[in-house]
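Using the sequences and the hints given, assemble the complete structure.
Numbering (the working numbering), first residue to last: 2 to 241.
To be clear, the hints were calculated from the coordinates, so they are not data collected in a lab.
Bear in mind that the values here come from a model prediction, so they are computed numbers and not experimental data.
Heads up, a few of these hints could be off.
Quick list of in silico lysine-lysine cross-link-like pairs, BS3-like style, CA-CA up to 30 Å [what the hints assert, rightly or not]:
(1) Lys67 <-> Lys27
(2) Lys219 <-> Lys105
(3) Lys90 <-> Lys202
(4) Lys135 <-> Lys117
(5) Lys105 <-> Lys202
(6) Lys96 <-> Lys202
(7) Lys90 <-> Lys219
(8) Lys221 <-> Lys104
(9) Lys117 <-> Lys128
(10) Lys221 <-> Lys195
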Amino acid sequence: MQMFNRLLLIITLVLLVSGCAKSPVKSLEDTRDVVAHAYAAGAIQYAPGEYQLATSALQAAELQVKNKEYRRASQTLDLARRYSAEALKLTIVRKEQLAAEQKKIAEEKRLAEFAKQRELRQQAALKEQQAQKKKVQVTKPKKPAPVVIKKAPPVIVKPKLVDNVEVQAGENLATIAAREEVYKDALLWPLIYKANRDQIKDPTEIFTGQILMIPRDKTKEEVETARQEAQMLNLFRPLN
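In structure tokens:
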């Protein structure tokens, strides 16, 4: 994982340097490099949601620089860099998890094969013992096997979930956030995305029937940050 750690260090240094005053054009070049590093590390496969947000922010910033909206471009570039760094971190973690899982599976297969061979040996030995007994014992009528009445497993009633919504046909994160029973604000969709990243790979792609958790413990600062991110990313149109 040394290569990925070096990439993460490079992105961290770029983030620190980008915090200093510089022209938006130079910052744009640095951000393109950061996003490219995340792509090269495999973020599009292991952290597709964060990578998509990073590329969306980069594209928005490029348009803002083209339109000479330098102040907005600087903020959007900062957002793109942060999402790129997060995507790279997730990529490293998930690759390590995958390697650990593969190692665990290999060990489980080895142990299962060992247990199987041991059981086969035991069965062979038992058959040999039974064959020897039949030679010296008088065959006795077999007793009917006792009837075992199995009790039906108790029915477990799951508690009703609260603060969750089911995705309806044609909905996206913004329309869900705009629901009366959710936030009544389409711009707060990043809160829903971040709370459900384990089942949402791409914030622009959710599926009918998905059950999404609606976080209710966010501070005013977190809510305002989510609203600003939605305005800068502009993934869903129109957003009020």
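Against the structure, the hints:
1. Lys67 <-> Lys27: At roughly 13 Å apart (the allowed maximum being 30 Å), Lys27 and Lys67 satisfy the hint.
2. Lys219 <-> Lys105: 37 Å, violated
3. Lys90 <-> Lys202: 16 Å, holds
4. Lys135 <-> Lys117: 27 Å, holds
5. Lys105 <-> Lys202: 25 Å, holds
6. Lys96 <-> Lys202: Measuring from Cα to Cα gives roughly 16 Å; hence the hint holds.
7. Lys90 <-> Lys219: Holds, because 24 Å separates the two Cα atoms, which is no more than 30 Å.
8. Lys221 <-> Lys104: Violated - the C-alpha atoms of Lys104 and Lys221 are around 44 Å apart, more than 30 Å.
9. Lys117 <-> Lys128: 16 Å, holds
10. Lys221 <-> Lys195: 16 Å, holds
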